[in-house]
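For this one, chain A is given, so just place chain B on it according to the hints.
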Amino acid sequence: MTALAHIRLLIVGAALLVFVAAAPALAQKFGPDGAPNPTASVVDQTTLLKQAPRIEGRIDIPDLKAAVLEQPVGRTWDYFHEVLLHWGGAVVIVGTILLLGLAYVIIGRIRIAAGRSGQKVLRFKAIERFSHWLTAISFVVLGLTGLNVTFGKIVLLPLVGPDTFSEISQAAKYVHNFTSFAFVAGLILIAVMFFKDNFLERVDLDWIKQGGGFIKSRHAPAGRFNPGEKLVYWLSIGAGITVSVSGFLLLFPFYGTDIAAMQIAQVVHAVVAVLFIALILAHIYIGTLGMEGAFEAMATGEVDLNWAKEHHDVWLARQLKPDQPGTPAGTPAE
Amino acid sequence: MARMKFLCDADRCIDCNACVTACKNENEVPWGINRRRVVTINDGKPGERSVSMACMHCTDPPCAAVCPVSCIYPTEDGVVLHNKDLCIGCGYCFYACPFGAPQYPQVGNFGSRGKMDKCTYCAGGGGPEAPGSAEEFAKYGSNRFGEGKLPLCAEMCSTKSLLAGDGDVIAQIYKERVLKRGYGSGAWGWVTAYREDIKI
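Sequence lines, in order, name chains A and B.
Under our numbering, the first residue of the first sequence is numbered 1, with each subsequent residue one higher.
Under our numbering, the first residue of the second sequence is numbered 1001, with each subsequent residue one higher.
Excised from the complex, chain A in its bound form (with noise of 0.2 Å):
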């Protein structure tokens, strides 16, 4: 037999079984001379709403979204979006901010131990910043403006009043809708562009076991990417498509879904959303205040040839094996 008769089968099986579990309830619904009994059979809210979560019916327009007479889902979702997301959100931002802080004031700013070589290595050729910072722009736009529809009611409203307040707020769904795809876009080029430099190798083991460079007196070997760098990488692509995916289903609205897809993709988009904030202000922190000589890798696309031996020693010996050792290499990684 096929799969598609095994499915069939089942299907038909399972029919059945309703069927003769549903009979003493269909014989109840008429009356004794076989007639229906429309008062016996009558569908009352309280069994259909134990049966779904959602009531449905025919409806005579053509709006299909309409056909859903009740959904007290609805509530829980208001339940999400007021109040776990309003705490989850705001515990796991702040909470990401003072850890930072946290981590600033006991680690303190991750200095190039040998100082500066004023030798350069190119690290990032231009495609790639540029790639990096579309990607970076539209994510802070994003953020801020998805921030606002959670946030803004509470933080902003107080302060500019009703009327400024809406109108910022309509600017920003605008600004929101169509920064998705400059987004989306980065999100690509730097999926395809980093790619191969991201899977696990033999001398993440060591940089693990050295502890990651956070131990000043032992030296964390590293390639192109440490294995912090390629926990990022991940994250970001599987969150960066998470909330594309959502975000596409949000931005048009019952196209192919339902209410309760569209209830799901806004929940799947806001926490999905709110942890990748959490993930890239601890990426924006290590790239800026947290380590001297990470920032220019992304600003001029060079790095110190110190920097790059403390940082990617292993991505460093293969950038110079073709050159004179000690001078910058001509092309970047690989």
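Just so you know, the hints here were simulated from the structure itself, not pulled from any lab data.
There's no promise every hint is true.
[Said to hold, decoys possible] With a straight-line cut-off of 30 Å between C-alpha atoms, the simulated DSBU-like cross-links for lysine-lysine are: (1) A/216 x B/1160; (2) A/50 x B/1199; (3) B/1175 x B/1045; (4) A/65 x B/1160; (5) B/1024 x B/1115; (6) B/1084 x A/153; (7) A/65 x A/216; (8) A/120 x B/1115; (9) B/1084 x B/1045; (10) B/1180 x A/65; (11) B/1175 x B/1139; (12) A/153 x B/1115; (13) A/153 x B/1139; (14) B/1115 x A/65; (15) A/50 x B/1180.
[Claimed, not checked] For each label pair, taking beta carbons as the anchor points, the in silico distance ranges come out as: (16) A/241 x B/1002: 49 to 59 Å; (17) A/296 x B/1073: 48 to 58 Å; (18) A/163 x B/1033: 23 to 33 Å; (19) A/87 x B/1166: 29 to 39 Å; (20) A/255 x B/1045: 28 to 38 Å; (21) B/1147 x A/163: 49 to 59 Å; (22) B/1173 x A/241: 52 to 62 Å; (23) B/1042 x A/87: 19 to 29 Å; (24) A/44 x B/1147: 31 to 41 Å; (25) B/1076 x A/261: 29 to 39 Å.
Beta carbons: idealized from backbone N, C-alpha and C, even for Gly.
Structure of chain B alone, referenced to chain A:
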């Protein structure tokens, strides 16, 4: 203070859609927007029932809670109104609404939603417009409520299936009906909307 509610007695509704038509006409609702609709459950089967549904003007309205610009609010009569000047058309009220009441005109590209429109209980708008003014009518529709009248959908229901008015009064009417005829499919949406049921 009266607490305004809707009640659809599904055992009387004949799916004539006159409430839908009355609403559209009275409020001059644009094409594609349906503030009220009739949903038929178990269509063509024994026990089929039709329910006329619009905004139920909930207690503790979820639409008002989720609105990111806080433009929806209940009046002292329990009528849920909104201010279209503030609405940004995000669509969140539709996700939160247990009754599918909020409607949006499509403006611009993709699914870009215009300012939300919904049943106002024929009580005009929640914006700064003067009650009963032409500006208010153009944005929100009729303000019968200000003239001491109830929503037209319920007022002209031919079988008096759809009831509007003070919650206690219409609950009493429904209760008497059910007791007299011996059956009733319940006050549709009341538990979700008002967090109370009509005990028969």
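The hints, checked one at a time:
About 81 Å separates the Cα atoms of residue 216 of chain A and residue 1160 of chain B, which puts this hinted pair outside 30 Å; it is violated. In summary, the hint linking residue 50 of chain A to residue 1199 of chain B is supported, as the alpha carbons are separated by about 19 Å, within the 30 Å threshold. For the given pair, residue 1175 of chain B sits about 26 Å from residue 1045 of chain B by alpha-carbon distance, which is consistent with the 30 Å threshold. Taken as a hint, the residue 65 of chain A and residue 1160 of chain B pair is honoured in the structure, with Cα atoms around 27 Å apart against an allowance of 30 Å.
For a cut-off of 30 Å, the pair hint linking residue 1024 of chain B to residue 1115 of chain B stands: about 17 Å separates their Cα positions. A threshold of 30 Å between alpha carbons decides the hint, and for residue 1084 of chain B with residue 153 of chain A the separation of about 17 Å falls inside it, so the pair holds. For the proposed pair residue 65 of chain A and residue 216 of chain A, the alpha carbon gap of about 60 Å is over 30 Å, so the pair is violated. Between residue 120 of chain A and residue 1115 of chain B, the direct Cα distance comes to roughly 55 Å. Violation of the 30 Å bound is thereby established for this hinted pair.
Taken as a hint, the residue 1084 of chain B and residue 1045 of chain B pair is broken in the structure, with Cα atoms around 41 Å apart against an allowance of 30 Å. A C-alpha spacing of about 36 Å is found between residue 1180 of chain B and residue 65 of chain A, which places the hinted pair above 30 Å, so the restraint is violated. The suggested pairing of residue 1175 of chain B with residue 1139 of chain B is violated, with an alpha-carbon distance near 37 Å, which exceeds 30 Å. A distance of roughly 18 Å separates the Cα atoms of residue 153 of chain A and residue 1115 of chain B; the hinted pair therefore holds under the 30 Å criterion.
Note on residue 153 of chain A and residue 1139 of chain B: the hinted pairing holds, with a Cα-Cα distance of about 24 Å set against a maximum of 30 Å. Restraint check for residue 1115 of chain B and residue 65 of chain A: the C-alpha separation of about 18 Å stays at or below 30 Å, so the hint holds. Of the pairs offered as hints, the one joining residue 50 of chain A and residue 1180 of chain B holds, with about 28 Å between alpha carbons and a cut-off of 30 Å not exceeded. Checked against the hint of 49 to 59 Å, the C-beta distance between residue 241 of chain A and residue 1002 of chain B comes to roughly 52 Å, which is consistent with it.
Look at residue 296 of chain A against residue 1073 of chain B: about 52 Å separates their beta carbons, and that is inside 48 to 58 Å. Checking the proposed 23 to 33 Å range against residue 163 of chain A and residue 1033 of chain B shows it holds: the Cβ atoms sit about 25 Å from each other. Range check, residue 87 of chain A to residue 1166 of chain B: about 37 Å between beta-carbon atoms, so the 29 to 39 Å window is met. Checking the proposed 28 to 38 Å range against residue 255 of chain A and residue 1045 of chain B shows it holds: the Cβ atoms sit about 31 Å from each other.
At roughly 29 Å, the beta carbons of residue 1147 of chain B and residue 163 of chain A sit outside the given window of 49 to 59 Å. Remark: the range hint 52 to 62 Å for residue 1173 of chain B to residue 241 of chain A is upheld by a beta-carbon distance near 55 Å. For residue 1042 of chain B and residue 87 of chain A, the Cβ-Cβ distance of about 41 Å falls outside the hinted range of 19 to 29 Å, so the restraint is violated. One distance hint, 31 to 41 Å for the beta-carbon pair residue 44 of chain A and residue 1147 of chain B, holds here, with the actual separation near 36 Å.
Checked against the hint of 29 to 39 Å, the pair residue 1076 of chain B and residue 261 of chain A passes, with Cβ atoms roughly 37 Å apart.
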